[in-house]
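J.: Given the sequences, and given the hints that come with them, work out the whole structure.
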Amino acid sequence: MITLAKALNAGLRKAMENDPKVVLLGEDIGRLGGVFRITDGLQKDFGEDRVVDTPLAESGIVGSAVGLALRGYRPVVEIQFDGFVYPAYDQIVNQVAKMHFRTGGKVTMPMVIRIPFAGGIGAVEHHSESPEAQFAHTPGLKVVACSNPIDAYWMIQQAIASPDPIVFLEPKRLYHSDKAELDLAVPPVPLFSSRVVRRGDDLTVLAYGPTVKTALNAAAAAEKEGTSLEVVDLRTLSPLDLAPVFASVRRTGRAVVVHEAHTNLGMGAEVAARISEECFHSLEAPVLRVGGFDTPYPPARAEEHFLPDLDRLLDAVDRSLTW
Numbered sequence: 631m632i633t634l635a636k637a638l639n640a641g642l643r644k645a646m647e648n649d650p651k652v653v654l655l656g657e658d659i660g661r662l663g664g665v666f667r668i669t670d671g672l673q674k675d676f677g678e679d680r681v682v683d684t685p686l687a688e689s690g691i692v693g694s695a696v697g698l699a700l701r702g703y704r705p706v707v708e709i710q711f712d713g714f715v716y717p718a719y720d721q722i723v724n725q726v727a728k729m730h731f732r733t734g735g736k737v738t739m740p741m742v743i744r745i746p747f748a749g750g751i752g753a754v755e756h757h758s759e760s761p762e763a764q765f766a767h768t769p770g771l772k773v774v775a776c777s778n779p780i781d782a783y784w785m786i787q788q789a790i791a792s793p794d795p796i797v798f799l800e801p802k803r804l805y806h807s808d809k810a811e812l813d814l815a816v817p818p819v820p821l822f823s824s825r826v827v828r829r830g831d832d833l834t835v836l837a838y839g840p841t842v843k844t845a846l847n848a849a850a851a852a853e854k855e856g857t858s859l860e861v862v863d864l865r866t867l868s869p870l871d872l873a874p875v876f877a878s879v880r881r882t883g884r885a886v887v888v889h890e891a892h893t894n895l896g897m898g899a900e901v902a903a904r905i906s907e908e909c910f911h912s913l914e915a916p917v918l919r920v921g922g923f924d925t926p927y928p929p930a931r932a933e934e935h936f937l938p939d940l941d942r943l944l945d946a947v948d949r950s951l952t953w
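In our numbering, the protein residues as written are 631 to 953.
The reader is advised that the hints may include incorrect statements.
Only pairs whose alpha carbons sit at most 25 Å apart, straight line, appear in this in silico SDA-like list of lysine to any residue [claimed, not checked]:
#1 K728 / F714
#2 K809 / L662
#3 K651 / L814
#4 K809 / G770
#5 K651 / D794
#6 K644 / V819
#7 K843 / R949
Have a look at the derived ranges for each label pair, beta carbon to beta carbon [to be verified]:
#8 P874 / V665: 33 to 41 Å
#9 F731 / S858: 42 to 50 Å
#10 R931 / V826: 49 to 57 Å
#11 P916 / T733: 38 to 46 Å
#12 S912 / E811: 32 to 40 Å
#13 A899 / P874: 17 to 25 Å
#14 D683 / K854: 47 to 55 Å
#15 F731 / H935: 37 to 45 Å
#16 T733 / A930: 19 to 27 Å
#17 V665 / A791: 39 to 47 Å
#18 R949 / K674: 49 to 57 Å
#19 K854 / V665: 33 to 41 Å
#20 D720 / D683: 18 to 26 Å
#21 D945 / E811: 31 to 39 Å
Hints in this document: simulated from the structure, not taken from any laboratory. Where a beta carbon is used, it is the ideal one built from N, C-alpha and C, also for glycine.
T.: Right, dumping it as structure tokens:
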């Protein structure tokens, strides 16, 4: 059995073993092994030239990774906490995302930017953000979010092997909680694919990252009351893989999108619009969204009131079913 944190560590190790051009950069990722211990032991085994402890300078870290990618390396950047990615935002949207287009496709930017994201750990300000919509809105970037140890192990390797720059979102609250059996004989799901993780007939719940667990818990609770929920893990936010979503919604006729990010102009808005465009004649009710409130992320003691929980999700399910 393996945790999500251990799975990411194993995936990074495998990628470094397979390709000597893979290098890691970040604050405290070497001797300390990262604040969440995702890179634990990697500097000891691969050396300080491939697991680089950087100064506290996020823009400089990503800028250095741009140079490494231009020189043929595959840099993997760790942003220590989601709220500190914004100093690097200029580098990410103006350099990382545009290099391929700027050079007419002649230059690729094989870079992974790992970001522990969302809340649930009772952290202080700047340590619990959900910036996924901002990056998914940027042409040239791909954005993915893992939700379980098996996906974490495979997705990090697939992202590193990709020729495109990828923002890799890791649900920090799940790093050391749930465990899963990693069976290497089972082939991985393709990186840019959504996946049905629970079958159901009455309503489709769409989630990613930390809210997949919330959705599965809601489905288990609803089942006790005779309601059958199908749960889809989106996994990839840009590009969105909506074919499985459309197939599910056409069958159930109802959909609820849940995420921790602010509801206004969030991923749920895009998914709801696309479902409305493609599945309008199949819908029995409007597509509903359950997300964080449109306020700054609250202090730790109030975050349980901010985060979408089982009750808020089930309330949306009831509103859809009684429409």
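J.: All the hints need checking, so say for each whether the structure fits it.
T.: Hints, one by one, checked against the model:
{"no.": "1", "hint": "K728 / F714", "result": "holds, 22 Å"}
{"no.": "2", "hint": "K809 / L662", "result": "holds, 23 Å"}
{"no.": "3", "hint": "K651 / L814", "result": "holds, 24 Å"}
{"no.": "4", "hint": "K809 / G770", "result": "violated, 34 Å"}
{"no.": "5", "hint": "K651 / D794", "result": "holds, 15 Å"}
{"no.": "6", "hint": "K644 / V819", "result": "holds, 17 Å"}
{"no.": "7", "hint": "K843 / R949", "result": "holds, 21 Å"}
{"no.": "8", "hint": "P874 / V665: 33 to 41 Å", "result": "holds, 35 Å"}
{"no.": "9", "hint": "F731 / S858: 42 to 50 Å", "result": "holds, 45 Å"}
{"no.": "10", "hint": "R931 / V826: 49 to 57 Å", "result": "violated, 36 Å"}
{"no.": "11", "hint": "P916 / T733: 38 to 46 Å", "result": "holds, 44 Å"}
{"no.": "12", "hint": "S912 / E811: 32 to 40 Å", "result": "holds, 37 Å"}
{"no.": "13", "hint": "A899 / P874: 17 to 25 Å", "result": "holds, 20 Å"}
{"no.": "14", "hint": "D683 / K854: 47 to 55 Å", "result": "holds, 50 Å"}
{"no.": "15", "hint": "F731 / H935: 37 to 45 Å", "result": "holds, 42 Å"}
{"no.": "16", "hint": "T733 / A930: 19 to 27 Å", "result": "violated, 44 Å"}
{"no.": "17", "hint": "V665 / A791: 39 to 47 Å", "result": "violated, 26 Å"}
{"no.": "18", "hint": "R949 / K674: 49 to 57 Å", "result": "holds, 53 Å"}
{"no.": "19", "hint": "K854 / V665: 33 to 41 Å", "result": "holds, 39 Å"}
{"no.": "20", "hint": "D720 / D683: 18 to 26 Å", "result": "holds, 23 Å"}
{"no.": "21", "hint": "D945 / E811: 31 to 39 Å", "result": "holds, 34 Å"}
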